[in-house]
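S.K.: Please model the complete structure; the sequences and the hints are all you need to start from.
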Amino acid sequence: MNRRRGMWLALAVVLLAVGAGLMLTGQGEEPAPPPRKEVEFPRMRRDDWKRVEQRRTQVMPALVPDAGVAAAPPSPPRDPVLAALPRGKGHSAVVIEANALRYSPIGELLLDCMMRDGGKKLDEFRKASGVDPLKDLDRLVITDKGVVFSGDFSKARFQEMFQERVASDYGPGARVYEPGDVIVTLEDGGVRRGRDTSAFGTWNNQLLVVGDTPDSVKEVLDRVQGGGSNEPPVISEGSTYGEMYGVLSVEELARMLPPDQGELAQRLREVASNVELHLDASSDVAMVAQIQGSDESQVTDLGKSLGAALSLARLKAQADGNKELAQMLDFAKVRPRGSQFNLELAVPIEVLKERLSFCRDERKATENKSPEVQP
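Here this note's numbering is used: the first residue of the sequence shown is 683, the next is one more, and so on.
It is worth saying that the hints were derived from the structure and are not from the lab.
From a predicted model like this one, the values you see are computed outputs, not experimental measurements.
Backbone N, C-alpha and C fix where the C-beta goes; we use that ideal spot for every residue, glycine too.
Watch out, some of these pointers could steer you wrong.
Here are the computed lysine to aspartate or glutamate pairs in the EDC-like style, where the Cα-Cα straight-line distance is at most 20 Å [what the hints assert, rightly or not]:
1. Lys986 - Glu945
2. Lys771 - Glu945
3. Lys986 - Glu1026
4. Lys817 - Glu806
5. Lys837 - Asp805
6. Lys817 - Asp805
7. Lys1005 - Glu1032
8. Lys837 - Glu806
9. Lys809 - Glu846
10. Lys1015 - Glu958
11. Lys802 - Glu958
12. Lys837 - Asp818
13. Lys809 - Glu860
14. Lys900 - Asp826
15. Lys900 - Glu919
16. Lys1035 - Asp1012
17. Lys771 - Glu933
18. Lys771 - Asp904
19. Lys1035 - Asp814
20. Lys803 - Asp814
The calculated label-pair distances, taken between Cβ atoms and stated as ranges, are [what the hints assert, rightly or not]:
21. Ser918 - Ser993: 28 to 36 Å
22. Ser911 - Ser1021: 22 to 30 Å
23. Asp814 - Pro1018: 42 to 50 Å
M.R.: Below you can see the structure in the form of structure tokens.
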């Protein structure tokens, strides 16, 4: 479970690097790079604030005061997904707006790649679980403590999916599925009984929580139901913009750097205190990493070092004739802002369309053979 969650978190952070890899290794003829244009980077907009307000759906029940004690004012409604997040410093949490990403330009391209089999695997999952990821899933949250799915799970067959587990109620509308004996299918077709240590939890048909242990799942459900630390969630309402956003612990980011970047990893540990990510996929794929630290001069020096490295990489790509990489690096910028700096990266959607065109072609070819399978 730890390895799988680490992979998801790494994929979220390096999404643009994946785009770059597609540019370098994609199929088909090499496309001519589109002309340089302005890319709009993520920021909090009016629609984002409207979305924040619409998601304040959870009203906490008022506590009955003791005799002679004045009743506390009612708590304002809140977003249950943000309530589920870890609290305090040193945690990582990345939110993927699955529904918004699904209908973005890059989402359509990725859907073609996912549906290259004509949608057979997706259809099998729908029938087995009662959940349609393309319609029912709203957000996917990857944290250092587990994974949370939010959406409409009113038709989900959780009891059938987790029938080998021990199920118990855990507060109003919540249920925990703890480890039990499971059937493991062997390569030769045989079966054996095993034991999975991971646990699952559900809340009000809106949240599905996946954790390494029952305690980690219960911690999430406790926070959703008003318990846990009084510290604010690691992601505030004012930071919920873009198709992907979140906070990475500096240690998490440093561990993701390749071994030959050990010096940079150590400087990050010494200088940075927080890393906030935002990705906008409404047109091109553009990402901003906001790196903050307490010592303004050291943060400024780190930003300059990264900016110089980007410039050298761009010159090298141009000298090597690597047009796609040079163009991507042409959008890369480091913008100092006092005790923080913004690292901006972008991949033009035209480049991704060219490099992912084979997915669309394979999907159409498969669907022509199996017209009865629909996404």
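S.K.: The structure should be examined with respect to each hint, and the outcome stated for every one.
M.R.: How the hints compare with the structure:
| no. | hint | verdict |
| --- | --- | --- |
| 1 | Lys986 - Glu945 | holds, 15 Å |
| 2 | Lys771 - Glu945 | violated, 24 Å |
| 3 | Lys986 - Glu1026 | holds, 14 Å |
| 4 | Lys817 - Glu806 | holds, 15 Å |
| 5 | Lys837 - Asp805 | holds, 15 Å |
| 6 | Lys817 - Asp805 | holds, 13 Å |
| 7 | Lys1005 - Glu1032 | holds, 14 Å |
| 8 | Lys837 - Glu806 | holds, 15 Å |
| 9 | Lys809 - Glu846 | holds, 19 Å |
| 10 | Lys1015 - Glu958 | holds, 16 Å |
| 11 | Lys802 - Glu958 | violated, 37 Å |
| 12 | Lys837 - Asp818 | holds, 9 Å |
| 13 | Lys809 - Glu860 | violated, 24 Å |
| 14 | Lys900 - Asp826 | holds, 15 Å |
| 15 | Lys900 - Glu919 | violated, 24 Å |
| 16 | Lys1035 - Asp1012 | holds, 19 Å |
| 17 | Lys771 - Glu933 | holds, 12 Å |
| 18 | Lys771 - Asp904 | holds, 19 Å |
| 19 | Lys1035 - Asp814 | violated, 26 Å |
| 20 | Lys803 - Asp814 | holds, 12 Å |
| 21 | Ser918 - Ser993: 28 to 36 Å | holds, 33 Å |
| 22 | Ser911 - Ser1021: 22 to 30 Å | holds, 26 Å |
| 23 | Asp814 - Pro1018: 42 to 50 Å | holds, 45 Å |
Comparing the model with each earlier hint shows violations of hints 2, 11, 13, 15, 19; every other hint is respected.
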